[in-house]
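Chemist: Next come the chains, spelled out residue by residue.
Number of protein chains: 4
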Amino acid sequence: MIKVELPLILINFKAYIEAYGSKAVELAKKAEKVAKEYGVCIAVAPQYVDIPKVAAEVEVPVFAQHIDPIGGGAWTGHVLAEAVKEAGASGTLINHSERRLLLADIEGAVARAREVGLFSVVCTNNPKVSAAAAAIDPWAIAVEPPELIGHGVAVSKAKPEVVSGTVDLVRKINSNVIVLCGAGIVEGQDVHAALKLGTQGVLLASGVVKAKDQEAVLRDLAQGALNALEKR
Amino acid sequence: MIKVELPLILINFKAYIEAYGSKAVELAKKAEKVAKEYGVCIAVAPQYVDIPKVAAEVEVPVFAQHIDPIGGGAWTGHVLAEAVKEAGASGTLINHSERRLLLADIEGAVARAREVGLFSVVCTNNPKVSAAAAAIDPWAIAVEPPELIGHGVAVSKAKPEVVSGTVDLVRKINSNVIVLCGAGIVEGQDVHAALKLGTQGVLLASGVVKAKDQEAVLRDLAQGALNALEKR
Amino acid sequence: MIKVELPLILINFKAYIEAYGSKAVELAKKAEKVAKEYGVCIAVAPQYVDIPKVAAEVEVPVFAQHIDPIGGGAWTGHVLAEAVKEAGASGTLINHSERRLLLADIEGAVARAREVGLFSVVCTNNPKVSAAAAAIDPWAIAVEPPELIGHGVAVSKAKPEVVSGTVDLVRKINSNVIVLCGAGIVEGQDVHAALKLGTQGVLLASGVVKAKDQEAVLRDLAQGALNALEKR
Amino acid sequence: MIKVELPLILINFKAYIEAYGSKAVELAKKAEKVAKEYGVCIAVAPQYVDIPKVAAEVEVPVFAQHIDPIGGGAWTGHVLAEAVKEAGASGTLINHSERRLLLADIEGAVARAREVGLFSVVCTNNPKVSAAAAAIDPWAIAVEPPELIGHGVAVSKAKPEVVSGTVDLVRKINSNVIVLCGAGIVEGQDVHAALKLGTQGVLLASGVVKAKDQEAVLRDLAQGALNALEKR
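Chains as they are written, first to last, in the numbering used here: chain A, 619 to 850; chain B, 619 to 850; chain C, 619 to 850; chain D, 619 to 850.
Source of the hints: derived by calculation from the structure; they are not laboratory data.
Nothing here was measured: the structure is a model prediction, and the numbers come from that model.
Among the hints, erroneous ones may be present.
For chains that are exact copies, the list does not tell them apart, and a pair is met inside one copy or across any two.
What the hints assert, rightly or not - SDA-like, lysine to any residue: derived pairs with alpha carbons at most 25 Å apart:
#1 K746 / W757
#2 K641 / K654
#3 K777 / W693
#4 K641 / G689
#5 K828 / E704
#6 K621 / T694
#7 K651 / G689
#8 K641 / W757
#9 K621 / K814
#10 K641 / G735
#11 K828 / S715
#12 K651 / L766
#13 K790 / G816
#14 K654 / K777
#15 K777 / A674
#16 K641 / W693
Model the full assembly from the supplied sequences, consistent with the hints where possible.
Modeler: Below, the structure written as structure tokens:
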């Protein structure tokens with residue numbers, strides 16, 4: 619299992635046709651290559667069934683896209699934290715806007731992730747909800763205004779106040795919690811802006827997965843992160 | 619519309635056969651009578667369809683059991699805050715353990731309640747989730763360990779640390795938020811204990827609704843509240 | 619309670635700002651007036667809290683927009699069939715595309731409607747799902763391709779094969795079940811086409827609720843129904 | 619990929635601690651061994667992340683516990699049929715009582731399974747719901763009264779009328795659909811009874827997974843199937 623480091627560029631493969639099965643492994647290998655070249659941590663979140671192969675064949679941190687707030691037992695069709703961990707995952711998204719959870723279940727899923735040693739990234743939609751999520755004490759939150767997801771205009775440009783407002787509120791509530799941001803991230807400038815607003819990384823999907831030249835985009839994102847770090 | 623005052627005894631009629639239709643009005647009248655005798659605020663939360671009649675015929679604050687995080691529009695089968703308000707409600711429960719919501723929807727429903735002037739009571743299951751709910755800035759939270767609901771052993775006796783832990787965490791996160799507690803409340807002693815632990819009221823259901831002598835239980839609860847206030 | 623007759627024009631008020639509270643009563647009165655003038659059954663489905671007032675003040679059949687598959691008990695925020703019935707409703711929608719239910723819960727809700735004497739209208743999205751719903755033995759199904767809802771192009775024009783395909787499949791599975799159709803219905807021609815395709819009524823919402831002249835639209839719809847009947 | 623044959627004994631690993639990761643492979647190997655000895659088809663349904671390893675290392679048909687009714691796209695945390703298929707699965711459960719789906723989503727998931735070539739087994743709770751599911755045209759339905767799941771009293775003994783009623787109704791609606799039954803199956807006698815009632819297999823979980831001697835139970839189940847076949 620590969621170390622998760624900050625700043626973090628986390629690529630969500632969703633259920634994209636371009637990023638499951640053997641294509642999941644290929645894309646993860648591009649992430650690995652760029653991560654090594656630039657010294658920037660790039661993690662990937664493939665389909666559940668692709669976690670074992672990606673984790674076995676590629677040196678990048680692997681995240682599940684979701685885990686359930688359950689312990690072992692009679693939970694057909696649910697995702698058991700222990701199974702995800704044994705399959706090679708380092709962490710998990712929780713409450714992505716495409717897989718929202720009940721509040722009590724977010725708390726339960728974060729607790730399960732902690733118990734088995736998975737990094738938990740709770741996705742949120744605005745500063746107030748981010749504050750609520752921070753009170754639950756996950757490893758990180760990732761604020762993503764749903765209306766910007768997949769549209770190619772980065773949250774860090776379109777709604778910088780959502781990002782900085784989240785950073786401020788989360789610091790007040792629970793300063794241990796890392797803040798990422800997502801929605802519309804497609805290039806290095808977006809990562810740069812996100813880090814300048816006080817986040818420690820980005821969560822993105824289509825910007826990389828759907829790119830004609832996935833490796834070029836990954837390079838640009840990594841360079842954006844480096845640029846932001848240098849100026850700190 | 620009747621004023622909501624603290625301490626608050628809030629009676630949830632759920633979908634109990636003993637408390638819908640004309641029986642909802644009767645039970646609300648018992649609450650009104652006892653509230654006036656003791657000078658303690660007793661509110662009721664009947665079925666949606668019973669809100670107008672209870673609000674029109676009885677002088678007690680009426681709560682909805684749930685509202686949806688929606689504005690006016692194409693939302694068949696959803697509960698519009700404006701409609702609940704116009705029907706005569708003073709407030710609403712949100713996220714009861716029998717009607718859990720997504721985190722983002724809790725935030726949305728609390729915002730809608732505020733916009734139309736409804737008191738919002740967000741139900742929670744433990745201190746951490748209560749802290750998260752408090753970050754969302756509702757009027758009140760009501761902590762209720764689900765395993766104690768309907769079992770006749772009061773949370774204020776069985777798990778006082780859940781109640782006091784919630785009071786402490788909520789005060790840290792957002793001291794404007796009122797804390798109620800529920801689950802297993804059946805007698806005045808339970809109300810007394812709850813208020814002594816720092817709450818400002820209780821939420822209960824079967825303890826009153828299913829009682830042989832509903833009025834006697836209401837009196838006992840009101841007396842419990844008075845006893846706690848006197849000793850403050 | 620007013621008799622439900624065929625063909626049926628069922629107006630869903632959803633959570634529209636134009637159709638709750640006193641506006642729900644006003645719109646229902648327009649439906650009553652037109653229904654009496656034309657001798658065509660027009661039913662209305664307002665917000666839950668508006669059911670009692672509409673049922674008390676207007677002579678039209680009133681439908682709930684949803685009921686839950688529950689008996690009396692500890693179901694906070696759920697809609698009890700008995701309460702809806704006592705409030706004056708004649709029937710209920712079930713599984714509207716904006717309030718989809720689990721399959722087992724559709725069966726449960728239809729059973730509850732039957733037990734308390736409510737007409738059940740199960741909404742469906744295509745012929746196969748309509749066939750499945752018919753197997754559950756509701757009073758009626760209403761097929762509505764979700765992509766056409768609220769867009770002003772009637773299903774009976776845009777996708778007549780969905781309507782006739784549903785009529786055929788439902789007849790094979792369970793010929794007792796009435797077929798309605800909805801989505802995009804805005805004028806008398808749409809009703810006419812729907813009845814000619816073998817349905818016994820229509821379900822619509824914005825076409826009436828959002829109309830500048832609601833009464834004129836209601837008249838046009840009723841006339842469309844009459845025209846179709848005359849030519850039978 | 620191994621052929622799925624009838625009668626079918628389908629073992630659901632759920633999220634049991636005894637059946638994930640390396641233990642999933644071990645249990646699947648016991649199923650393989652017994653299946654070969656007895657010439658009876660035994661399939662397994664492990665956690666999503668365990669599908670690739672089980673499918674690669676063991677010669678038994680592998681089922682997913684659930685797939686989502688989605689095509690490739692922006693569906694974080696959802697299960698893509700194509701990914702499950704490429705990982706080596708032969709089929710999938712849909713709508714298990716622990717993972718119920720909306721009616722429209724059952725239809726969608728069955729369609730997706732068909733498109734990618736996965737056997738679909740739609741779980742149901744009673745004859746009427748089974749009839750509805752059959753109208754959707756899955757490969758099989760598996761009727762399981764939820765109150766009997768995990769309790770060690772077989773549906774084929776405790777409620778034979780549920781099984782035979784389902785067989786009858788499903789035959790009427792869609793005679794192409796295979797009927798399995800589940801809930802409480804723990805021994806060969808239960809399989810025997812199930813097949814005699816007209817089913818073509820069983821779905822079970824704890825009876826095998828939680829058994830002290832898993833292989834002995836698998837042998838007993840396989841023998842029960844053989845006994846029923848001989849007497850046909």
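Chemist: For this structure, which hints from the list above don't hold up?
Modeler: 7, 8, 12, 14, 15
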